[in-house]
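With the hints as constraints, model all of the structure from the sequences given.
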Amino acid sequence: AQSVTQPDIHITVSEGASLELRCNYSYGATPYLFWYVQSPGQGLQLLLKYFSGDTLVQGIKGFEAEFKRSQSSFNLRKPSVHWSDAAEYFCAVGASGGYQKVTFGTGTKLQVIP
Amino acid sequence: EAQVTQNPRYLITVTGKKLTVTCSQNMNHEYMSWYRQDPGLGLRQIYYSMNVEVTDKGDVPEGYKVSRKEKRNFPLILESPSPNQTSLYFCASSPQPGLGGNIQYFGAGTRLSVL
Chain A
1 AQSVTQPDIH
11 ITVSEGASLE
21 LRCNYSYGAT
31 PYLFWYVQSP
41 GQGLQLLLKY
51 FSGDTLVQGI
61 KGFEAEFKRS
71 QSSFNLRKPS
81 VHWSDAAEYF
91 CAVGASGGYQ
101 KVTFGTGTKL
111 QVIP
Chain B
1001 EAQVTQNPRY
1011 LITVTGKKLT
1021 VTCSQNMNHE
1031 YMSWYRQDPG
1041 LGLRQIYYSM
1051 NVEVTDKGDV
1061 PEGYKVSRKE
1071 KRNFPLILES
1081 PSPNQTSLYF
1091 CASSPQPGLG
1101 GNIQYFGAGT
1111 RLSVL
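The listed protein sequences correspond, in order, to chains A and B. The working numbering numbers the first residue of the first sequence as 1 and each following residue consecutively. The working numbering numbers the first residue of the second sequence as 1001 and each following residue consecutively.
Incorrect hints may have been included.
As the list claims (entries may be wrong) - Take a look, some chain A residues computed to stay more than 12 Å from chain B by CB distance:
id	residue
1	GLN45
2	SER73
3	LYS101
4	THR103
Stated by the list, open to error - Pairs of lysine to aspartate or glutamate, EDC-like flavour, derived with a Cα cap of 20 Å:
id	chain 1	residue 1	chain 2	residue 2
5	A	LYS61	A	ASP85
6	B	LYS1065	B	GLU1001
7	A	LYS109	B	ASP1038
8	A	LYS61	A	GLU20
9	A	LYS49	A	GLU64
10	B	LYS1057	B	GLU1030
11	B	LYS1071	B	GLU1053
12	B	LYS1065	B	GLU1053
13	A	LYS68	A	GLU15
14	A	LYS101	B	ASP1056
15	A	LYS109	A	GLU88
16	A	LYS101	B	ASP1038
17	A	LYS101	B	GLU1062
18	A	LYS101	B	ASP1059
19	A	LYS101	B	GLU1053
20	A	LYS109	A	ASP85
21	A	LYS101	B	GLU1030
No lab work stands behind these hints: they were computed from the structure. Ideal Cβ placement from N, Cα and C applies to all residues, glycine included.
Next up, the structure:
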């Protein structure tokens, strides 16, 4: 069965500092990997996805993520955080070849301080 | 505007009183899904539908029903709600693979309280 672990429940960073959110997955084959962001009171919005090819993927709002098969990781990064990035971030893994099963992590809540 | 619309956004009800949360998408997506979000548990899939008249259980289907009679609509039905179904619910839709893959588009959520 597929699973996702986001080890950090809550992270606080200063505005302008760099950010890395961790995600580890478990899946037997090549997974589909996603990062979603949820702003307060909102639904989830896709930041970026990895299906195949280049292991460094670029997303919206200046985010990027790197797929590392050897470490079963898909960490999200941003070089300089803005106050508007404060939100909850979810990593998700989907079954390759189909889309019926997507498993989400428990989320990391990001706080940005001035 | 492409969107997934859930109604109502907020709902307070009492134990045992049947309720329906509607979900509609205007993107002609085949796939639709319901999730519940609880603190510390992330999003858990309740039911999903691959197309009209095709539905299947997700990770936490107990106490819920769904139907998919039309492509655009995927209502979530709680026949006899209980307090442990108090949660934030999200509907999502997705096109077929190759036309966006597994990217899901989410509604704004329905916050349900069962007293």
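- Item | Hints not upheld, ascending by number | Violated hints: 1, 3, 4, 6 and 13; rest satisfied.
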